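Just so you know, the protein sequences line up as chains A and B, in that order. At position 11 of the first sequence the residue is numbered 11 (our numbering), and the sequence of numbers has no breaks. At position 61 of the second sequence the residue is numbered 61 (our numbering), and the sequence of numbers has no breaks.
A hint or two may mislead.
Below, a sample of chain A positions facing chain B; criterion: calculated Cβ distance under 10 Å [claimed, not checked]:
#, residue
1, 46
2, 49
3, 53
4, 61
5, 87
6, 103
Quick caveat, the hints were computed from the structure, so don't treat them as lab data. Keep in mind that this is a model prediction, so the values were computed, not measured. The beta-carbon is built from N, C-alpha and C at its ideal position, and this holds for glycine as well.
One letter stands for each residue in the lines below.
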Amino acid sequence: DAKTTQPNSMESNEEEPVHLPCNHSTISGTDYIHWYRQLPSQGPEYVIHGLTSNVNNRMASLAIAEDRKSSTLILHRATLRDAAVYYCILRDKKKSSGDKLTFGTGTRLAVRP
Amino acid sequence: DSGVTQTPKHLITATGQRVTLRCSPRSGDLSVYWYQQSLDQGLQFLIQYYNGEERAKGNILERFSAQQFPDLHSELNLSSLELGDSALYFCASSASRGGGRIEDTQYFGPGTRLTVL
């Protein structure tokens, strides 16, 4: 499985943008880049995903490097509720023998009021 | 609310015992996944069922087993429990067998916290 690398922790001020980086230098051409987050005492939840182009949804934006070896999750205005562990995960778009999510250690985001 | 329900929320038991964790997927989802989250191992995939059949296996111990019933709910059975089995157990569901598209998104339940004393 292709591996992702994320910083262990980051801090942000409330209402400021946050850029969470992820390196995935061994990504294959069929890998989607997914982001999940885990709020305290909850199960992980889907945030956003993309393949080659930048993506926006109501939760965040995803910027993907041209060579696809890195990506950045962007929270445009961090709130206290965004404090969570953010996981960058590669998922093969081919339907092979099941499709588990392989979680790394993620980035723990702290948001200061 | 993800639409995935798990029971019980908390479970405290003794070493050597057997427990059953239950998961109800989102309405219409055919895949159920089980994950274990412990402090030292992080979130790890255990097993996936799709429409009643085992589809993929991860680092699931032989003492653990799972099944998915015709109504699509799933149960994870943990036997001969050891102290190291204490963890959060999450169930997730998705509409498909697997893949990276939006329709393959996994939705997680709130988890069952297992404590083995």
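For each hint, the structure was consulted:
1. Checking residue 46 of chain A against chain B: minimum C-beta separation of about 5 Å stays under 10 Å; hint holds.
2. The beta carbon of residue 49 of chain A is positioned within 10 Å of a beta carbon in chain B (closest approach about 7 Å), and the interface hint is therefore held.
3. A hinted interface residue such as residue 53 of chain A counts as satisfied when its beta carbon comes closer than 10 Å to some beta carbon of chain B; here the least separation is about 14 Å, so the hint is violated.
4. Taking 10 Å as the C-beta cut-off, the interface hint given for residue 61 of chain A is violated, the closest approach to chain B being about 16 Å.
5. Restraint check, residue 87 of chain A versus chain B: the minimum CB separation of about 8 Å is within 10 Å; hint holds.
6. Below 10 Å, beta-carbon pairs count as interface contacts, and residue 103 of chain A has one with chain B at about 4 Å; its hint therefore holds.
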